[in-house]
Amino acid sequence: MKTQLAMVIDASRCWDCKACMAACKTANKVPEGQWRNWIKSVDLDLVEPGGGRLIFQPGNCMHCSEPLCIKACPTGATYRNEADGTVLINRELCIGCGQCLPACPYGARFRHAELRVADKCDFCAERRAAGLEPACVATCPTKARAFGNLADPESEVARLLKRNESVQLVQAKSPTDPNIRYLGNPGRTDWPVEAQMPSAFGFWKNVAGPVVKIFVGFSALGFGAMLAKQLFLPDHPEEDRQPEEKRHE
Amino acid sequence: MNNRMIRRHGPGGIFIHWFNAVCWFFLLATGLGLIKNPDLQPLGPWWPNFMNSLFGGGETLLAVHWGTGAVWAGIWLIFILAGLLRYTAPFLRQIFSYHLSRDLEWMIKKPFQMILGTKAMAALVRPLGWDGNMPEQGFYNVGQKAAAVAMAAGGLVLVITGVIMTLSKYFLSPNQVPMVQWSITIHFIAAGLTFGVLLIHIYMAAVSREERPAFISMFTGTVPEDYAAHHHGLWYEEVKNSGK
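One line per chain: the protein sequences are A and B, in this order.
Throughout the first sequence, residue numbering follows this note's numbering, covering 11 to 259 in sequence.
Throughout the second sequence, residue numbering follows this note's numbering, covering 2 to 245 in sequence.
Bound-form chain B, shown alone (with noise of 0.2 Å):
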């Protein structure tokens, strides 16, 4: 068994995570306690009445709202520039790169291994010509890979549809106002089906106990050679021959 450290996280990478989880928190909260509608408030009246309160009145929070997802989105924007070929690049590619039978193996493996167990599980996918082995993945697993697409589309949505409904009231005019109203429309949906997404990477990284070693990651930066050998085995070959 080997206890040894690979670097998986630089410090950049670990701001801009758990800044974007804290803003992420709080532009939901209020966020959703700017639906006073009682017809499209998800969790009912309590939760507004209680933002509203905490915050002295809905146009207090509306305004935090919109001063946080500013921060938030220019933060980002700047972190997303500043290494645009360091690491924006080769992050895209790394979501965005798909390997269609493998990726689809593990992703068909991993529920079953997460309910049952690895024993039945490996009975369960034996009628497939599979064996209870995960296949390989990079240094994001299909599932991350997934997530991180759904994470930064609902993003750029979020951002775009906010940067409208904030131009509304200063710039534009009555007949661009459908766009508007379908913005509000269309910034739910996208925290909505994010925030459900945003559940299961919670749940993965930080209750599951076989991520363990990732979620503690993202506090100092690496994890056990073992463990990156396991989740992770194509990472661990590049890491390996590259001699780092």
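So that you can see chain A by itself, here it is in the shape it has in the complex (with noise of 0.2 Å):
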């Protein structure tokens, strides 16, 4: 069976005690003040006229089935994992070029401020290899997040959409089918930043790329007539070596 592992977060259940941050932060060692987790608030006033009340919405990498940052990075170092559906970063072979950063329209990403490549949330790869729960789902006191096989309709984060109505936080130009699902009204549900590809990368895909392969392409091209030439049609006529000997001899 294939897996998806998934977020779902209850927001009626978020009261900004910020516990998941602080634990996603020591389980991970994320430097001070980068954040792979986080905790907005839509203050309903402002949406809902005598609402009265604050609403919080706790995010992270939203582990999209469409993600935007594979699609910025250069070498492949940014990964979706196949065998759980997770989108997961290999330290050794990214070199810090920051691309997939504005590709994420979620702010999901940073750039290691000690280790200089890109990071963001794992789901807690190495808690989940030791059999625990990403830190921020164990550690919340309210039991707003929910973590597990959305392909398995056994699991938890399945029981409770089968049960609930949910929502994705998307933004409309920038599609990415996230793998966090909303219960409980987490607020403005249409995100509000759209997906950048940096100038340079843009410049690599449109110009570049069909330059260079124009180029090189015509020089094959070449290559390959005159080798055909070289090799199916008589060698020029004896009068062409004729100049050479007279000059010379």
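These are computed hints drawn from the structure, not numbers from a lab.
Heads up, the beta-carbon is just placed ideally off N, CA and C, and yes, glycines get one too.
Mixed in with the good hints there might be a few duds.
[As the list claims (entries may be wrong)] Reference excerpt, derived from the structure (chain A facing chain B, CB under 8 Å, subset only):
#1 T85
#2 G86
#3 L103
#4 I105
#5 G108
#6 A210
#7 A230
#8 L237
#9 Q240
Assemble the dimeric complex from its two separately framed chains, guided by the hints.
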């Protein structure tokens, strides 16, 4: 059976205690001033007049089924792990060019201040390998976060989604099919930030790539044509060689 | 007909040529293998997949590419500095010296001569007031000079951008990251364009029958006297007058 690890977050249970952020930072040794997860707040007074209450929207890398960060990575250092559907970073292959950072509309990525490579939530790969839940899930005092295999109908996340209405946070111009589903009104669901392709990447893809291909193509075509001529057609007639011999004999 | 051999390349030159050739192809193969993004990979996914399985993963491939690049650039640096006045400066002077009318005429005639033969070329260029003889050339002909300039410039750009990319992970701060991003793109462009030139160089040297003595000289170091006189007349005169 296919595995798709996912989070289901009940926004109505979050009271903004930030325990998930602290737990994540400790578990993953995230440098000072950088965060793999967050809690955004929406003042409902602004959205629904008379609402008069803050709502909290916890988040982290959404481990999208259509991840845009992967499309901005030249080397494949950022990749989708087909075994469990998570989006991961190979730190050995990442050179820290930072092109994936603006490609994520959620701002989930940052350049690790000490390692200088891209970093983000990996659903606590180390803890999972040890049989534990992600730190944010395990630590949440109100159990706002649930974690599991979306493809398994018996999993907690699948059962939560079956029983409740859920939403994804999606930017219309950068659709990603994120694997964090929200329950209990997370506030604004039309994500305001669009994914950006870095200009160096766009130039390579749209200009440099075709130009180099055409240039090398012509060069190879000439090579091939001349080689074929040499192999299959007779040598230049004898008189071609004559000036050479006349001059230097 | 004269079959005396003239020395054209010393052992140092022959070594650096083949060292460069081997490194170039290895770096090209591994570098192309590192472009896993299908939007950027010019050959299709099979190449990075093949290279990844050959080297046991992208991280090994990257390390090998870096290591080879460092050895390549390091040996080149030593070679350049060791003979700064003896051969580096004269070489640069050679490849940057152009005789406009003579070299332009050669550049126009040569492709026609190669494709159509001398007789047809002579007929084609007659309206320009030229005959079928190729203009005299020095130690390098203009095609070789232009290719050498392209290879040297391409190599320099590859080294600079390669060093920037390598430093990224170890020294560069977030506000220097755009430099890294452009280095990746420029590294690809430099490798691609230089490879296009390299194909022509390989054809001319290793495939074309006419330049076969030059190819052999890349192993033996010497060319036949009549080849030198015919293809590099100005150089031949120099050699003759210097009495070597």
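Right, here's what the structure says about each hint:
no.: 1; hint: T85; verdict: holds (5 Å)
no.: 2; hint: G86; verdict: holds (3 Å)
no.: 3; hint: L103; verdict: holds (4 Å)
no.: 4; hint: I105; verdict: holds (5 Å)
no.: 5; hint: G108; verdict: holds (4 Å)
no.: 6; hint: A210; verdict: holds (4 Å)
no.: 7; hint: A230; verdict: holds (6 Å)
no.: 8; hint: L237; verdict: holds (6 Å)
no.: 9; hint: Q240; verdict: holds (7 Å)
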